[in-house]
Every structure is written in C-alpha cells, then in structure tokens.
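4 protein chains.
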Amino acid sequence: MDFQKSPQKKLLKQYYDVRRTTENICKRLEIEDYVVQTKDYVSPPKWHLGHTAWFFDAAFLLPLKCPTKQFHYFKNIFNSYYKGVGEHWLQSKRGILSRPTVEQTLDYRKNVDKSVLEILDHQDLDEEYLKIIELGLHHEQQHQELLYMDIKNILFHAPFHAPYEIDSLNQPLDFKTLIDSHFVVEEGVYEFGQSEGFYFDNEFPVHKRWITPFELTPSLVNEVEYVKFMEDKGYENPKLWLSDGWDWIQNHKINSPLYWNKTEEGWRVFTLTGWRRIDASYPVSHISLYEADAFARWSGRELPTEFELEHFFKSTGQKDYLWNWSRSSYEAYPGYRPYEGLLSEYNGKFMVNQYVLRGGCTYTPEAHYRPTYRNFYRAYDRWAFTGLRLCRRL
Amino acid sequence: MDFQKSPQKKLLKQYYDVRRTTENICKRLEIEDYVVQTKDYVSPPKWHLGHTAWFFDAAFLLPLKCPTKQFHYFKNIFNSYYKGVGEHWLQSKRGILSRPTVEQTLDYRKNVDKSVLEILDHQDLDEEYLKIIELGLHHEQQHQELLYMDIKNILFHAPFHAPYEIDSLNQPLDFKTLIDSHFVVEEGVYEFGQSEGFYFDNEFPVHKRWITPFELTPSLVNEVEYVKFMEDKGYENPKLWLSDGWDWIQNHKINSPLYWNKTEEGWRVFTLTGWRRIDASYPVSHISLYEADAFARWSGRELPTEFELEHFFKSTGQKDYLWNWSRSSYEAYPGYRPYEGLLSEYNGKFMVNQYVLRGGCTYTPEAHYRPTYRNFYRAYDRWAFTGLRLCRRL
Amino acid sequence: MDFQKSPQKKLLKQYYDVRRTTENICKRLEIEDYVVQTKDYVSPPKWHLGHTAWFFDAAFLLPLKCPTKQFHYFKNIFNSYYKGVGEHWLQSKRGILSRPTVEQTLDYRKNVDKSVLEILDHQDLDEEYLKIIELGLHHEQQHQELLYMDIKNILFHAPFHAPYEIDSLNQPLDFKTLIDSHFVVEEGVYEFGQSEGFYFDNEFPVHKRWITPFELTPSLVNEVEYVKFMEDKGYENPKLWLSDGWDWIQNHKINSPLYWNKTEEGWRVFTLTGWRRIDASYPVSHISLYEADAFARWSGRELPTEFELEHFFKSTGQKDYLWNWSRSSYEAYPGYRPYEGLLSEYNGKFMVNQYVLRGGCTYTPEAHYRPTYRNFYRAYDRWAFTGLRLCRRL
Amino acid sequence: MDFQKSPQKKLLKQYYDVRRTTENICKRLEIEDYVVQTKDYVSPPKWHLGHTAWFFDAAFLLPLKCPTKQFHYFKNIFNSYYKGVGEHWLQSKRGILSRPTVEQTLDYRKNVDKSVLEILDHQDLDEEYLKIIELGLHHEQQHQELLYMDIKNILFHAPFHAPYEIDSLNQPLDFKTLIDSHFVVEEGVYEFGQSEGFYFDNEFPVHKRWITPFELTPSLVNEVEYVKFMEDKGYENPKLWLSDGWDWIQNHKINSPLYWNKTEEGWRVFTLTGWRRIDASYPVSHISLYEADAFARWSGRELPTEFELEHFFKSTGQKDYLWNWSRSSYEAYPGYRPYEGLLSEYNGKFMVNQYVLRGGCTYTPEAHYRPTYRNFYRAYDRWAFTGLRLCRRL
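Chains as they are written, first to last, in this note's numbering: chain Y, 1 to 394; chain G, 1 to 394; chain P, 1 to 394; chain D, 1 to 394.
Isolated chain Y, as found in the complex:
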C-alpha cells in the first residue's frame, strides 16, 4: 500500500496501526483469558476484539452497503448498546459465550479490515465517511484502554496471578510533575471545550464558565499518603463519607483500593506486571469517587470540578498518568448536539448518574490524550485507573 499524504491516505495508515495495536495488546494472553468475564462490568477481551470490528462494520461498511458476510451473525452479540441497530446481547452475559472462537473473531477482524482498507485505498470518500473512520479509531483506542483494565481484572481473579507483562513495563514509570508548587487560579470567565482537531461530541461546543478562585496540588495523591488515610481509620469514620459511599463500603466490605492486599510486610498492589509493595512514587489508583471524596475531606481539601482540571491541564501542559476524579456529574455542555444517526447513542444517553474524570493514565494511547477529553464512570466504579488531585477554594 502506498501511504501518501492525503487525509484519506493518512487515515488509512492510522487505521492499520491502531487496529494492529489492539491485537498486539491481546497477544500475550492465553486463549482462556480471552473468554471469561470476571464482573458484570468487565468484558472478555474476545468481545472487545469483536466489538471494535463490528463498529466499522455497522457504522462504515453497512451505510456504504457492503457489510461483511459475518455481520448478520455478529450484529447482535458484538453490539454494545446501540438500540438503533436492533437488539443487543446483555452486557452481563458476555462471558457465557464460547463461540465465536478467538480464531473466528480474529478472522472477522481480518474481513472487516480487508473491506475497510480496500475502500480507503481505492474509493474517494466523502468527508462524512472519513469522519466515521476517524471516530472509529478513537473508539478503538478507548477500547485499548478498556482492554488493559479488563485484562488486569481477569488476571487478578485467576489463581496464581500470572502477570501480563514480564519485561516491557517492568521499570518504574516516570511520573514527573511539571510544576513544583500549587497551581493557583484567580476568579474570572474562562473558556472550555474543543472545536479543533478531533474531539468527541461531548467536548463541544467551546463555551465560557465563571471560575471561583482555587488552588490545585501539583501532584496526584500517592500510595503512601493514601495509607495514612487508611491508618487513620478513614474507612471506619462515617463523617468522612458521602451517604451513598458509606452504604457502599458497608455493603461490599471495602477497606482499601481495589487490587490492594495486606500482607505481614505491609500493603502490596497487583499490577499488570505482578505484585509490588506500595510506593510513594506511584499515585494511588483504583479508587471510587466515594473514596476519592472521603480522602479529600479527610485531608481538609475537596475534589476539583472537571473544568478546574481542564484549565489546569491546558495551562500547565502537565500530562498525568492517572485519571483524576472530578466532582462534576457528566452533563451536556450548553448547546451540545449529539452525532447523527446510529452514533447519536455514542455519548449523550449516558449523561446521568455518572461522574467525569480528566487527564489520562499509563494505558491511554498517546494520540488519544487531550485536556478536553471527558472520561466518565459511576461513583462506585474503580476498575479504571482512577486517582485524585486535591483542590482548595481560595
């Protein structure tokens, strides 16, 4: 293939790269690892592989009237939640499907790729279709991060806790902080959102907001700081907790972040490279919004809003390796318009009962990272790579 400089050719190369990356993420797995669903919210890796192929099949090939021959068979089970494409398989039941096999799923991906690449290579596509390819690649990158989240959960539940990576990620990450003192912002009107380059519909339109003065800590809260909260009986003191959070830790007997385990030699943490001791050089991770909020209250601080975080990332150029919980519920920006057609279900219908996270994490693809990106989860979710940065009103 000849990768020229036209937007379409660039997209063709990106398509090829992004798709390969997804498959590479799964390469270290055993067939058995592709199949299981450890929790309702975890998807089997096999499903991610199939769903990200289905996305191009349903949103690109189908409108172009050349869906794969397998589309008919897979349109239900690899549909995540798009009512516009008909019935879809129940999320919590993704782990009861032994078929299609991993091989059949990879074969499905090949068929989709073949059709997509051929079209990108030989047809002259309207802007509208290129946009769908671009969106599909960002969608696939979201699933790359989800794959890391889900693989971690699957390996954690399996006996013996086989590590996913033995070498490449074995050296400590360099969690560097670009600024060395509190980030202070004065009151005033600031702009938020994105209108250039690629952005999801939920980042649009660019709009103004009034900001009250605040300061943010330069670094994310680290694991050793979090242990101090635990040792001060943070998980036993109802005064520190939101009411829903207190009920949640009682009902689920929560007394530490997910993937933490207390041994005789202190707390240790399960990672994709295996178990290690807690370490002040790592941000605390895998905590719910409830835990983030309780920690903030315990430390006499509070959680920032998503806009305070966006302003921080835009102003400092700081890149975090862990998602920052904000106190902001996931809501439409004034003037928000969802995508049209099938993709109208991409973001808008989730804008209730979820909370926004900003920044990114170690497993967020580089090209996917931007200060206006809005990640969102339920207040109790914590299998994502979630952390927190503290805010103080001035």
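No lab work stands behind these hints: they were computed from the structure.
Incorrect hints may appear among the rest.
No copy is singled out in the list; a pair is fine if it fits within one copy or between any two copies.
Claimed, not checked - Cross-link-like lysine to any residue pairs, in silico, SDA-like; alpha carbons within 20 Å at most:
(1) Lys228 <-> Trp298
(2) Lys39 <-> Leu90
(3) Lys228 <-> Ser256
(4) Lys65 <-> Asn111
(5) Lys39 <-> Gln91
(6) Lys239 <-> Trp89
(7) Lys39 <-> Ile77
(8) Lys75 <-> His161
(9) Lys93 <-> Tyr259
(10) Lys208 <-> Tyr333
Go by the hints and put chains G, P and D onto chain Y.
Relative to the frame of chain Y, chains G, P and D by itself:
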C-alpha cells in the same frame, strides 16, 4: 403564653404554629394509615411525627442537657440517618414497627413541646440555640410536604382509594402564570445563592456563574401535553431516553406517570381529593427525571439547569405549584461549608447521585418557599410532586 | 338462639364459639399491632381476621348464592392463594394495606357471621354444606395458631417488646411426659392416616406402611440440652449440617434459635409473656429443620419419620406442646384425592419442598389436636412453635 | 503395563479406561468451550477435568501421603463442596477463572494418573484404598454424564448452535420397551436397596417397604404426547400445578421444556447433534419435576415413588434412556451410614429439598447403570436428561 416581639418570642409562636400544623395534617387519618410503609422510600406518618420531635430532642434539648425521658427509647428508631447520634433503624423497615403506638408518639411530641416551649419562654438563649430552633422548624416543614407525599402513596395503595380531603382542596387550584411569553435571558455573569434571612447550608454562599443565553417556557408542561407524548409512543422509543431511563422503564414496566390509570374514558389521575380526569389546567406531576428528560427531548427542547430556574424565579416572582426537575446534579456550591456537629449530616452527605428540583408545590408550606431552595431526588424518584418547564438554548 | 342436639345445631354453636375465640385472641392488641407485617411470611392480624371471614364467604355463602355485600371488595385482598377465585393480593405485601381498617374488618366478620348463623339456624342444609362449615372452623383454628405465631413475631420486632399476655399464661406450663423410658417399636406393617371424625384430605386414606425398628426419646429436647449443642460449637461445625442448612446459617448469620438473645447472665428467650431465662423444663422451640437435624446428628441420633411420630402419639396417648420436626417431606398418601372445587387448592398443591411436623403446641386449639394431623413448613421456617424428639434405629 | 486378573489389576485397567473416556468426551470441544459457565449450575468442562483429578489427589494420594505437587495450588478451586478439605471456590464463580489453562489442567490429570497408576501397579493396597479408587471411578462416571449436560447447555447458549457430534450419535436411538402392557404390582412387602457389587452409600442398606397396588406405563412419555399437554394450555392452567411450580413458571416465563423452540414448522429440539423436529419416538426430556407433575395430573395419572420405579426396573430388566422423575424426596434409607472421613460429604448432606430420579439416560455410562441408583435434583432443575413415566393407583 405572652408572644412578644423579641426574636425568641416570635420563634416561640412559630414553633407552636408549625408543630400544630404537622399534627393537623395527620388528623384526617385512621390509626391504620399512620403505621404502614407502602414503599421503601415512603415513611409511615407515625414515623414523621416521631422523627420531627426527635429532631428537637437530639439537636436542641440534648445539647442543653435536658433531653426528654423518652429520648433513650426513641433515639434509635426516630433517627433518620444521623450517624453522629449512634445507630439508626433501617429506613426500609419503618413499617414493621407497631410500637410506639400513635398515642405514645403524640405523647412524645407533647413532652418535647413542653420542654422546648418552657425553655423558649423562660430562658435567654444564645443565638446558636435560636438558630437550631429555626432550622428545626424548617426541617419540620420539609416533613409536612413529605407527609402529603407519603399519605398520598399510602391511600393510593389501599383498596377503595379513600380520598384524604373531601372539601378543602376540592376546588381547582389557580395555577396562574405571571408572564405570558417565553422568559429570555442573555449571556453574562449572574449571582446565585442566598445569604439573608433563613437559608439552608446548601444555598450558601452567594456566588457568580456564567450563563449562556436561553429561554424558558412561561408555564409548566400540562397533563394534556404529556398525553400527546404518550400517544406518540414516547414510552416505546429508546431514542428519546437516557440509557438509565430506558432500563428503568423496561425493568419496572413504566408507561405513564405515577398515580395515572387508563380507563375506557381516558386517563385519570389519583389525587389527595380522589380520582379525576386529566386536565390541561393541571401541570403533569409525579414523573421521574428520566421521563422529564424524554419529554423535553421529544419536544425538541431540554431541561434547564438549576441556575436557570433560580434566575427565572428571582426575576419573575413566579411561584410554581409544582417542583421543576433540573438537569443539575446536587453538588456543593464553591465555598460550601456544612453545619457543625450533629447537623453536619443534614445536607452535604447527599451531594452525589441526586438531581436538583426548583420551585415548589401545592403542599410546600408558604413560609418555606423561596427561589434559592434546592430540593433533590434520585433520577428515578417520582412520588414527590415533580414536573417540568422546558428550556431552549439561544 | 336455640342450640339443639342436631349436627347442624351443634355446628352452629361451634361456629359461634370458634369465631369468638379468634376475635378474643386479638383483643389484647393495639390497633397498630393489627396492621404490620414484620416478615414476608408473617401476616398482619387484621388480615387473619379478614381471611377467615372471606373463607366462609367464598366457600359457603357464595355457592349458596348469598355472598356478603362486601365480598366484591374483599375477594382479592383476603384471598390467600386460591387461583380458582381469581387474582389474589401478594402475600408479602399484606402489610402495606392500611384499609380496610380494623373496625371495617370486624364489621365484615359480623356480616359474614350474621348470614352464616341465619342459614345454619333456619335452613336445612345438605351434608356437603355442613362439611364446608366444619372445614371452615378447622381452617379458622389453624389461623388461631398462626395468629399466636405472628403476634409473637410482631411484638418481638417492636421496640420495648411489650408482652402479649401478662397473666393468663404466666405460670409455667406443665410439660408432662406420659412415659418414662424410650418408646421402642418393632418392625412390621402398621396402619396410618385417618378415616373417622373430622380429618383433612391430606390425612386420608388410611393405609399400611412397613416400619423398621426404632426407638424414640420420651421427651422433646429441652432448652438446656440445646445450649450444650451451642456451647459445643454446633453452629460452627459444617460436618453436623445438611448442605442447604449450612448455607442458610452462613447467609443469615444464624447462631441460636429464633427469639433467643444472649445477655451477660446467659441466654434468654422471648415469649408471649415476655422475656425469661432458658430453662430445662421447656422444650427448645423456634428452630428450623436444619437446626433440628444438626442437633440430632450431634447427639448421635436422627430425626424420626412422620409415621414413626404418628405411631408414637397413637400408641402412647402423649400430647406434646410443641411441634415435632420429622424427616419426611410433605407428600400425598397413596390414593390421596384432594377436596373438590375451590377447596382442591387447600392442601395438595403444597406437597413439594416442605417437611412434615407432628404433635402440636401450646397454642394449638384443643379440638384441633390429633395424632394424624400433618403440619408442614419449609426446612428453613422457624417462626412456628417447632421442636424435636430424637430417634434411633435399632 | 501388565493387566492381570487380580482385583487391583482389574481396577488399574478400569482406571485407565474411565479416565481416558472423560478426556475423549472433551476432545471435540474448542478451547473456549472448556472455560465458560452459562448458568450457576453448569460447570465449565475444564473444571470437571480438574475436579475429577482432584478427587483422586484428595481422597487417594493425600491419605497415602503422596499428593501431586500441584495439589497445593488446586485444592481450593477444584474442590466442589468438601468442607473437610478446607475452603472451596464458589460454584457460581467457576466461569470467571481463565487459569489454570486447559493445557495446565490436562497436565494436572497426567500427574495424578502417573502417581495413581504407579501405586496401583507396584504397591499392594489395602481393600480400603481399592474402594476409594472404585468410588473415584464411579464419581468420574457421574461427571461424564454431567459433562454431556453442561456441554449441551454451553453449545445451546453460544451463537450458531454448533453441534457437538456430527456423526456418531446421529442415528436415532432405539428406545425399545421390553414390555408391551402396563406394569401391574400387587400390594405387599418388597425389598429395596443394594448390598452387592458396587453401590453408593445412599443405596444401602437393603430394607423392606410396604407397597400399595399400582400400575406403571411401559414407556416414557414421548415428545408428541407432551405437545398435546402444551396445546391444551397446560402451562396456563394453575389447577394443574404445584404452588411452587406455578410460581416458577410465572417468574421464569416457562412455556415449554428446556431446549425447545417454536418455529413456523412446529416445535424443534436442540440436541448434542443439532436441532431436530419433535418426534414421537423420543421421550420428552429436560423437564422439571413441576412440569412432570403437571403433565401427570393433566393426564389423570400421577408420578411414581422412587421405590415403585426401582421395583419396575428390577422386575422387568427394562433399561431406560432417560431419567424418570419420582415423587420421592431424597432421604436416607433406615439405617443409612455415610462414608467415613472426607467422603462422608459425598451424599448424605444433600438429603433435603431434592427429589429422586431413577433409571438413566443415553449419556449414563453403561457400567454405571443399575436399578438401585438414586439420582437427585431440585424440583426446578431441568438441564439433566429428565423425563417421566406415569403411575396409577389401583
């Protein structure tokens, strides 16, 4: 008693009046009606009577070191959710208690009243204690509205649907609208919140926000308009619904507002004065946030934020007789500080997973009504007197 | 009324007496006690009053074409489970009904009584109708015992644990045993079941069974003996338990009989006359089949079959004051034929997943007591007055 | 290996054969099929492979003080329910384990086999140990049938319904009936149970029972007969159903046997060789006890007891290819003594809330088949190959 003009004497009179009002609301009930709990979220009227007495016992008499002699027995079962006062009875189990009897509960109220009134009449109280009395009276007024909500639910579930009131409320309410065209607001910085007179901690501090231009319909959506949404298969079209909302109507087989019933002669509505036909002069009521949002989307509009509603009520002087759902999650204002001590649990710990309503309803006590008041419920709650007003971005 | 000696007149007098007894059982209650439902399996006393009236309305007056004028209103909510009479109110929701009031329910009973007594007094009824009255009276006596069970549960859950009876039952019962050594039975064919006097369909027909040799302890296991089992960690040793039983005690955190409470001075027991210490003169009560079975295994014995118990009661004339758990599942006798029509649902449809108890208890009406009577509950039920007698194979 | 004629050598050969059979059953599966758990009651084939190896490890090698080196790692997750060997993995969570892999599990089997065969070949074992091997082989044969049940369920839930076998089982089975008229039995004392050859503890001791006269249909109810029940609205008529059964079909929306599907061309049935139309030459299968009981009631007959079935099989020599539901709850025979030690948990602790089935099915290993064998399931279970034969009292 001699009701002089001092703030303390005024409070004494208010105390007397508000407390009598609560008891009068229950006077039309049978003993059996005081006891049952039809849903987890409904409390038996007997419990409201006891809890509002407990509030003064725990927050006023106890700090003054003269709790009633019954406090020891009731401190657990009439405590709603204050962890600071020890264990409390599970909310969903309030309906399994036959004791204390209604008579014993009213007797408890008398004892509390006797002590409170004696102190108000003869001691010279610090400002701090007067504040607690004032808060206790507003707390009791909140429970007056809850009593109407819960009594309606109890009578609705009982066979024969005995009406609560046969005369006093029988004439149609005059739902007048002070303005006759859309309420249009230009972009800019506006102030929100309250710092004068009585206000809850969650209305403070007064602060600025940037508002993008919008317009609001002058009236609440009425019952006949809502039927058009239903007849257009609004409850069967997933494109109109938030994802959580769609799951909710499927799981609970929801296809109309609460208390609506379809007969051969059309839809009819259960009210505290009995059943009546739907009527364009009544705002639609008893809908969840999900339904309000779906209706707004169907009509090409959207829900306003709580701040847009606050600005509307402040600017127009309009008084609604039904609560307006907003799209705003219940969150602390910048600089929010909860009450101290026991009462720190009053508002702050609920600031997650709930959505704000503004305005008021027919059963909101007059003295309790103000544009900055923030009511809040879960997105699926609808036994409150909830309605909606439509917003459009300009 | 003139109570002559004819069967119909005798029945008339019985009717009058049995019905008064039911009402007298409730006389000591507060109105509030009539209404609540503490557990799914407990019915509000008000419901028992209504249901036992409904029974005569539906099974006697209705076939005679003179149902009460209230039947139409109550036929749903006072129907326990008879699909033949149409829909019925969900058992677990009996406690959400504040109406009909206690007064209205008692008024309903009066109307039923008036009609039934007038018919019994002035019409010459066919045998078939007299049988229904007789069955209705035994049905009502079953509910008299259920009332005691349910009232006990209601008073237990209410704060302060008000005792039901302060005097009449206050003296210790005389749990006398007629025989002073083990009851030994040799192998052979024995007859079981009942065909004379009144009996339920499930006691019929009389039939033979082969019995293998066994011996029974003369007395029921007493409270002090049961404490020994508890002190020997009976509730912590999985080897003693049926698999379902072990899961049940784990899931419900069971570690003593129902209504037992450990204080600094040892175990005490809640009774209808209030709390008392455990006492070797009382049989252990309120245990599940699982607990009875585990105790038997711990003591090197086992539970008898229902036929071994029937033979014991027939042979010795012993009258127990507590129900004996048997190991026998509730099953039809060979040749069993259910009642006809509406009453076909009385017994037969429950013949699965339940276990038989034999004997009786302190609250079983005297006229209702017989060796062939088959009581039945789920293996985990224990709000009935359940105990055990040990068996050994010879 | 030299297979001589001594009991130990015979056992060695049996061991070898039975173990190979288990692995052969799984050979047609894809790796993915080994891993999933479609329902709480279904186990992944991988788990069956591991558990049947664990059985010999825990019950034979461990007492001989030579457990495999993997035992330590697998003793928890491959333990089904033996509390005596410590904690065990929750049954409903067997499908969340991706590790050990299928290869590791087969490797574990090889290690167990190597040790067991070496001991059988070279040591002179006490009778007691030979008994354990024999029990372990019958245990493994039970799991062979379970494998067919579970594989069927797994393939049924997977899209495309890949058949398990394409050839070997493709020809219709010859469900021959040895007798051509009703099987009539006169009243009297008969003997039941087993004391010779191999038998499980629950088949012992041989004992007498009185039998009342009855007759049994010579054949199992077939699929076309069952369709008549369905067409007569059998699933909609509450009078035909046990109360628990009616609740069960309502709650789970049951209106046909498991694995049945209605098409335009009539009912079809999923089998291990794929879909086929219903056929009068096949017994109806995959029905619950509730359905069997309702069918029997509809046809004016009833279910036999387990003893009537045992007598039938002993007297006629008939071999069924489908399990017969009996009305008998699973209960200990008089004088029953469970195995000792670890294996005491094999049968006895399940003797409550389950019902006995007699006969066998197409997938029951030949050497495992005998008239006294007691199979047992919950009344609602139907993924076993369950059917029914009708009984009439004489």
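Structure-based check of all given hints:
In the homo-oligomer, the alpha carbons of Lys228 and Trp298 lie at most 20 Å apart inside one protomer (10 Å), although the nearest pairing across protomers, at 48 Å, exceeds that limit. Taking the shortest Cα distances, Lys39 and Leu90 sit within 20 Å of each other both inside one copy (13 Å) and across copies (14 Å). Taking identical chains as interchangeable, the C-alpha atoms of Lys228 and Ser256 lie at most 20 Å apart only when both belong to the same chain, with a minimum of 12 Å there against 40 Å between chains. Proximity of Lys65 to Asn111 under the C-alpha cut-off of 20 Å is restricted to the intra-copy arrangement: shortest distance 15 Å within a copy versus 55 Å between copies.
Both within a single protomer and between protomers do Lys39 and Gln91 lie at most 20 Å apart by alpha-carbon distance, with minima of 10 Å and 15 Å respectively. Taking the shortest Cα distances, Lys239 and Trp89 sit within 20 Å of each other only across copies (18 Å), while inside one copy they are farther apart (42 Å). Proximity of Lys39 to Ile77 under the C-alpha cut-off of 20 Å is found in both arrangements, the shortest distances being 18 Å within a copy and 18 Å between copies. For the identical chains of this complex, Lys75 and His161 are inter-copy neighbours only, at 16 Å across copies versus 34 Å inside a copy, given an alpha-carbon limit of 20 Å.
Proximity of Lys93 and Tyr259 under a CA criterion of 20 Å is satisfied inter-copy only: 18 Å between copies versus 24 Å inside one chain copy. When the C-alpha separation of Lys208 and Tyr333 is checked against a cutoff of 20 Å, the pair qualifies both within a copy, at 10 Å, and between copies, at 18 Å.
Violated hints are absent here; each numbered hint is respected by the structure.
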